[in-house]
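We have chain U; now place chains W and V onto it with these hints.
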Amino acid sequence: MTTHTSTIETVDKKAGGREANLGLWLTLPTQLLVVFIAVFPILMQLYISLTDWSPLDGIQWWRAWELWNTFANYTDLAADSQFWGAVGRTFLIMAICVPVEFLLGLGLAILFVDNFPGRKILYSVLLVPMMVVPAVAGYMFYMLFQSGGPVNDLLSIFVGYPVRIAWLSDPTLALFAIIVADIWQWTPLMFLVLLAGLVGVPEDQQQAATLLGASWTRRFFTIVLPRMKAIIIIALAIRVIENFKIFDTLFIMTNGGPGVATETISVYIYKITQQDLIWGYVAAIALAILIVLSLVSVFAIKLIASKEQAS
Amino acid sequence: MTQITLENLGKNFGSFTALAGMNLTIADGEFVALLGPSGCGKSTTMNMVAGMLQPSTGSISFDGRDMGNVPMARRGVGFVFQNYAIFTHMTVRENLAYGPKAQGMGSAEVTKRVEEIASLLQLGSMLDRRSGGLSVNILQRLAIGRSAIVEPAIFLLDEPLSNVDAAFRAVMRTELKQLQRQFKQTMVYVTHDQLEAMTMADRIAVMDHGKLLQVGTPLEVYNNPADTFVARFIGSPGMNLIDGEISKSDKTTMVDLKQFGSFGPVPDAVLGKLKSSDGKVIFGFRPEMVELDSNGSLKMPVNFVERIGARTLLHLGDPDDSIKITVSNHEPVPKQGEVAQFTIPPQAARYFDPQTGNVLRGEA
Amino acid sequence: MQRTLLFETFRFSIIFLIIALTLVPTLWMVSMAFKPIQEWSASGGDLTWWPKNPTLDNFRFIFGESSSELIVALERGAGRPILASLLSATFGTLIAMVAGTTAAYGLSRFNSGRNLPLALIQLRLFPPMAVMIPVMIMWAFLGLTDTWWGLALIYGIVTLPFAFWLMKTFFDDMPREIEDAALVEGCSRFRVFLKITLPMMRPALASSALFVFILNWSDYLIALLLTTRDWVTIPVYMASLSSSMTGQLYGAKAALGLIAAIPPVVMGIAIQKHLVRGLTFGALKE
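Protein chains in written order, with the numbering used here: chain U, 1 to 311; chain W, 312 to 675; chain V, 676 to 961.
Pulled out of the complex, with its shape left as it was, chain U reads as follows (with noise of 0.2 Å):
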């Protein structure tokens, strides 16, 4: 009987180190690229920003310590103006594009929340934007904003004469027409994870409220809202993020023209890697971003951990 009961222990104990050492190779190839493309490039970024380096230096980059300059690059990136005002653009387009977004997606969530006829068909077609490779979705609007382009002719039908804006020259105009893009192509994506929050919004206590005499408003408001915090966050945050790297249809729409006057920090990064060739002072401002959206991310991370914490 001891030996019995002895035997099945070993076995266990053999089957569960045989599974963590399972658990550690299925999890090593994700574990490698990790390492692979965040640690490794990491240091090398670190290691290069301190120097002057180019390209066309004609030395390889792990000799880049003969052109070191310390933190020269940083001191510089500190007094770029066209850095900051990349920096400056790429808030102001996420400031006018994201709230944008999320209240026309909130708006159509809210009409689309209860059952119609034609709801799925018209469902479906309101996420097509949002699938549309965003390069295309660059070309497409860089035709539609042409002087001869049909955004042009609509108007022309309003105002009653020939209309011949060239929107995409005009700095101003340059800058609406990469944030009226940017608008049709992720308000689906609010609208989607908008819906799918007030959908769980549950229905009794919304009956509830009602009873109680609540209007729409009320309901809406002291009821909806509250209970789709969590989910508004995220939406928020993953419109955030992808806006912050804004680049494919504004590069191809106007190239961060006319002038400066569309450069968002991708765009201004690109420019000075493969026109300016400056990669010492590119891998500086790179790794100062990364530096500030990891303390962001951390913070943020840590702040709604212990909001969640309190409720």
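Simulated from the structure, these hints should not be mistaken for laboratory data. Beta carbons are placed, not taken as given, at the ideal position from N, Cα and C, and that holds for glycine. Honestly, I wouldn't trust all of these hints.
Claimed, not checked - Now the stretches of chain W that chain U is said to cover, found in silico as 3 or more residues with beta-carbon under 8 Å:
{"no.": "1", "region": "382–389"}
{"no.": "2", "region": "403–416"}
{"no.": "3", "region": "452–464"}
Structure of chains W and V alone, referenced to chain U:
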């Protein structure tokens, strides 16, 4: 304090009839239970009274006033949902104050009312707690308080105890009944649990397949079921029903129960009501209405003995469709495999029409 | 919400306005793809909303046939960029799915790699622009620049967070009793994973793979930086559809844009049910 009248009330969902021809008057301050299995139309009835559903036919009126065009927000109906629908993102106080605020009451008045109702329901000590983590009996009180604070004309309760575990249900039942006595409100209570209906309601309305089958006090419904469905549904275990045939001999009329023996005499009034000429009838009796008697006219083999404390439940006859009787432990109980022989007092025997299922009443 | 006639009218007018705004840009591209050069813009006269003389010239043109209308001929057709997009997106999806699925299973069942959920979210958080310098150096060093397999590798890594999170939520949702039953029968853990779990997860795997494929197919920036000539993808290649004589070749761009837009739209509608889950890293399951 309102009298509710349902007149020929019906509801169709497409081609499916959820409720048809419901007539019911609920008196002021009465506690009525709508009882039936799921899908019987009881929740549909309740939702129409609350105004969440529009009736397909018929009308609902409160104190004679037709409710057809009154939206649910203005019916003055207090509704306690199955899972209470407490606003868990608010405190207890905010939950209670929700209704008065929504109806535009001044903040001084709101505070006063919240304090009043909280002390009545013993919620005073937890007014500023978040309602999310409260225990289920407090949630029940809160749900009732939240509705009661706006002084609704009637209270509707939608299976409020179905998510509560069995042990706690008895506590909650008592508490609910006491609350009803305090508020003296008209209450309509939907449940599929006959025990809840029996213990709490003034009157029970038994429903099945979208039809109202019988309305009466718990004892009426228990003792004089209107048909075989009610007979089987009420009571635990329900009434025993055995197929029988009327057999007339020179002196008396008996009901022949085949291998189980026979019972009689069958009252003449029952014979008069019997429509079918083949003499077929369903014979019914309550499990506790039997007396073990070695000279009894009924005898069945015992296939299972279930001891339930002071009494013993015997399963007799066919194991798949057994007849159940309860007997006292004070007398010797037949063992499994033996034959139980017993009698039934004449006033405890019930007869039903096998075609319609309706009772063939001895009296009247 | 009360269902009044007024409300329904309001609802439908708003919805149709939004649907119109949603569809007009897309339909414009569709119409453009079938227009001959004279109808491309209003500069030659009136703007035509729908092609008066529909033609397939634009499609023939991008695949290398010279057209009588367009004096220019393309140096290189769109065939190879389409192949590049297909190969890089497909194999990128394969890498992300294999690594993501195994890791998600490891975490969901053995609690291994607890650092991964957060690490992968952070990976997604960073703009690709901010890690591209080292990636470009590494890719040049490894000889991966301007190859479809080099693109596939970086695509696989970039979309790995989505594959991992999606599969993790699917594994978390799956009842373990079935696996346990197979274990009791004496199968090894790994065999259970291969023979029981994966076949059961086939719909989840398909949805996740399609989702990841859409993301890979949609890339522009990475291909712009890592390919130069031989293996440029569709979006990068589209920039070359212009000439000094005719300016932008709108019709050709629209035709290629249409070809590029159709697969993700079709796939996206097919996996509609799981879009929310994918986009929110599994935080929301509809």
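Checked hints:
Coverage of the region 382–389 of chain W by chain U holds. Counting CB-CB distances below 8 Å, 6 residues qualify, and the rule asks for three or more. Here the region 403–416 of chain W counts 4 residues with a CB under 8 Å from a CB of chain U, which clears the bar of 3, and the coverage holds. Only when three residues or more bring their CB closer than 8 Å to a CB of chain U does the claim for the region 452–464 of chain W stand; here the count is 3, and the claim holds.
Of the numbered hints stated above, none is contradicted by the structure.
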